[in-house]
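Colleague: Sequence:
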Amino acid sequence: PESLELLKQAVSANPKVIRTWAKEEPIFQKLHCDDQFRKLVKL
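Note that the sequence shown covers residues 1 to 43 in full-length UniProt numbering.
Because the hints were derived from the structure by calculation, they are not lab data. Honestly, I wouldn't trust all of these hints.
Stated by the list, open to error - No more than 27 angstroms apart at the CA atoms, straight line, and that leaves these computed lysine-lysine pairs for DSS-like:
hint, residue 1, residue 2
1, Lys-8, Lys-39
2, Lys-8, Lys-42
3, Lys-42, Lys-16
4, Lys-16, Lys-39
5, Lys-42, Lys-30
6, Lys-23, Lys-8
7, Lys-23, Lys-39
8, Lys-8, Lys-30
9, Lys-16, Lys-30
10, Lys-23, Lys-42
Hey, can you work out the whole structure from these sequences and the hints?
Modeller: See the structure below:
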């Protein structure tokens, strides 16, 4: 999905901050089971 592509770009720019934010942000909770999301944020 486009959201994961945008998240990937953000992680490239600022990995530590974006990964931490994505893990804690409630809007991303539905993606916690998605393998691509888990790999991207190192969940």
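Colleague: Taking the hints in turn, state whether each one holds.
Modeller: We went through each hint and held it up to the structure:
Of the pairs offered as hints, the one joining Lys-8 and Lys-39 holds, with about 10 angstroms between alpha carbons and a cut-off of 27 angstroms not exceeded. Distance hint between Lys-8 and Lys-42 is fulfilled; the C-alpha atoms sit about 12 angstroms from each other, no more than 27 angstroms. For the suggested pair Lys-42 and Lys-16, the alpha carbons sit about 10 angstroms apart, so the restraint of at most 27 angstroms is met. Distance hint between Lys-16 and Lys-39 is fulfilled; the C-alpha atoms sit about 14 angstroms from each other, no more than 27 angstroms.
About 16 angstroms separates the Cα atoms of Lys-42 and Lys-30, which keeps this hinted pair within 27 angstroms; it holds. A threshold of 27 angstroms between alpha carbons decides the hint, and for Lys-23 with Lys-8 the separation of about 13 angstroms falls inside it, so the pair holds. For the hint pairing Lys-23 with Lys-39, the CA-to-CA distance comes to about 12 angstroms; that is within 27 angstroms, so the pair holds. Between Lys-8 and Lys-30 the CA atoms are separated by roughly 17 angstroms; this keeps the pair inside 27 angstroms, and the hint holds.
The straight-line distance between the Cα atoms of Lys-16 and Lys-30 is roughly 21 angstroms, inside the 27 angstroms bound, and the hint therefore holds. Distance restraint check for Lys-23 and Lys-42: the Cα-Cα separation of roughly 9 angstroms lies within the 27 angstroms cut-off, and the hinted pair is therefore satisfied.
Of the numbered hints listed earlier, not one is contradicted by the structure.
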